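These protein sequence lines map, in sequence, to chains A and B. For reference, each letter of the first sequence is one residue, going 13 to 208 in this note's numbering. For reference, each letter of the second sequence is one residue, going 316 to 475 in this note's numbering.
Heads up, some of the hints might be wrong.
BS3-like mimics (lysine-lysine), calculated; alpha carbons at most 30 Å apart, straight line [to be verified]:
1) Lys133(A) - Lys183(A)
2) Lys464(B) - Lys156(A)
3) Lys362(B) - Lys412(B)
4) Lys195(A) - Lys123(A)
5) Lys42(A) - Lys412(B)
6) Lys20(A) - Lys464(B)
Cβ pair distances, simulated, as ranges [as the list claims (entries may be wrong)]:
7) Thr198(A) - Thr340(B): 42 to 48 Å
8) Glu18(A) - Pro424(B): 20 to 26 Å
9) Met181(A) - Pro439(B): 30 to 36 Å
10) Arg323(B) - Trp174(A): 44 to 50 Å
Sample of chain A residues facing chain B (criterion: CB under 8 Å; computed from the structure) [said to hold, decoys possible]:
11) Lys20
12) Trp23
13) Val189
14) Leu192
15) Leu193
16) Ile199
17) Thr203
Just so you know, the hints here were simulated from the structure itself, not pulled from any lab data. Only a predicted model underlies this, so the values are computations on that prediction, with no experimental measurement involved. Backbone N, C-alpha and C define an ideal beta-carbon position, used for all residues, glycine too.
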Amino acid sequence: MDKFDEIKNLWQSHKIEKTPSVTSIKNAIKNYHSKKKRNIIFIILFFIFSIFVWIGVMINYKSHLWTTRFGEMLFIVLTIYLIFIKLKLLKKKQQEELLSTNDYLNELKKKSQKEAQDQSKLIIFLIASVSLFLYTYEMFSYSKIRLIIGYSTLLLYFVFIWFIYRPMMLKRQQKKVQNLLNKIDTIKNQTNEKEY
Amino acid sequence: MDFDIIYRDFSPKIFRVCLSYLNDTDKALDLTQDTFIAVWQNLHSFKNKSNIGTWIYRIACNKCLRQIEKDSRIKKMVLPTQVEHNNIDIENIQEQKYIFLRNCIAELPELERIIIGLVMEDVPQEKIAEIIGLSHSNIRVKIHRIKKKLTQKFKDNGQI
């Protein structure tokens, strides 16, 4: 008998750990689906609730300046944009899992590179900043001191987010993505070895 | 296509493929479960263009590769050191050999671990080429190399 056949027999003949019963797998599938459904419903309800809150604020808070109304509108637009992104993420199902290993690695690499260049967080931050600046203008504009203190605080907050927190997160994210890309490249190199 | 039959026929094989990649029983069980959740979800999209086995193995292999995101190091199993030589039973020797084999596989690069897992399950070379997405000749060469590597390690350690 071939030496490798002995190795294969050893592998195949070893008593394997009992895999879960089909019933427990079906239960796991059921749980997985209901959890997914629950998450989608929760996200939608949360965002719908936020929109209603903003509409409520718009109705109850009688503003005299267009800046407040515009800020509120921007917040609603942002909320809708977030719903859209979240649902898109949840809908994006594991179609890539059906690809061949080689294509799957290419897809994973493309996805990771895209993730590294993702601009959606920047857009969200910009819209949120502009909305907040516009919305609070009416509140602060009653007195000069209020205006200076209010906007200085907001400005400090945005400076902190933009120049300290964001680069820190970005660095961490890029390191993670780079590690993943390196690993993908290592595996891809294993597929590229010369035939002879 | 009946999911129960698919699960019954393929779950031990998929478990072993996952085990050859991860060298961790618990993680291999989790991955087997994940694979069959994906099989259930995508069963409607399975067209009889390819063999159902090839299709399931492909999902399992991609699930295995997804593990690289979790940065898990492949752990080694410890060989039993204290074996009483005057009372060695066959089962014990087989167990030692099996652990040695798992450790040898764990030392292989990722793709080779996947390929050897499929080879051990008697998946034909053409199917492995289809699953991995490489040419048949490339896979043939790789399989030859991996077999040689494993056999050599076994020989060097006096396991065969």
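Hint check results:
Between Lys133(A) and Lys183(A) the CA atoms are separated by roughly 15 Å; this keeps the pair inside 30 Å, and the hint holds. With a C-alpha separation of about 79 Å, the suggested pair Lys464(B) and Lys156(A) falls outside the 30 Å cut-off, and the hint is violated. Proximity of Lys362(B) to Lys412(B) is assessed by CA-CA distance (about 41 Å); at most 30 Å being required, the pair is judged violated. Between Lys195(A) and Lys123(A), the direct Cα distance comes to roughly 14 Å. Compliance with the 30 Å bound is thereby established for this hinted pair.
Pair hint Lys42(A) plus Lys412(B) does not hold up; C-alpha atoms about 40 Å apart against a cutoff of 30 Å. Restraint check for Lys20(A) and Lys464(B): the C-alpha separation of about 14 Å stays at or below 30 Å, so the hint holds. As the Cβ distance of Thr198(A) to Thr340(B) is approximately 26 Å, the hint placing it in 42 to 48 Å is violated. The hinted window of 20 to 26 Å between Glu18(A) and Pro424(B) holds, with their beta carbons roughly 23 Å apart.
The supplied range of 30 to 36 Å is broken by Met181(A) and Pro439(B), whose beta-carbon atoms lie about 48 Å from each other. For Arg323(B) paired with Trp174(A), a C-beta distance near 56 Å fails the hint of 44 to 50 Å. Here the hint on Lys20(A) is kept, as its CB sits about 6 Å from the closest CB of chain B, short of 8 Å. Because the closest C-beta pair between Trp23(A) and chain B is about 5 Å apart, less than 8 Å, the hint holds.
At a threshold of 8 Å, the smallest CB-CB gap from Val189(A) to chain B is about 10 Å, leaving the interface hint violated. Among the interface hints, the one on Leu192(A) holds; its C-beta lies about 6 Å from the nearest C-beta in chain B, closer than the 8 Å criterion. Proximity of Leu193(A) to chain B is violated relative to the hint, the smallest CB-CB distance being about 10 Å (cut-off 8 Å). Evaluation of the Ile199(A) hint against chain B yields a held restraint, the C-beta minimum of about 5 Å falling below 8 Å.
With a least beta-carbon distance of about 6 Å to chain B, the hint placing Thr203(A) at the interface is held under the 8 Å criterion.
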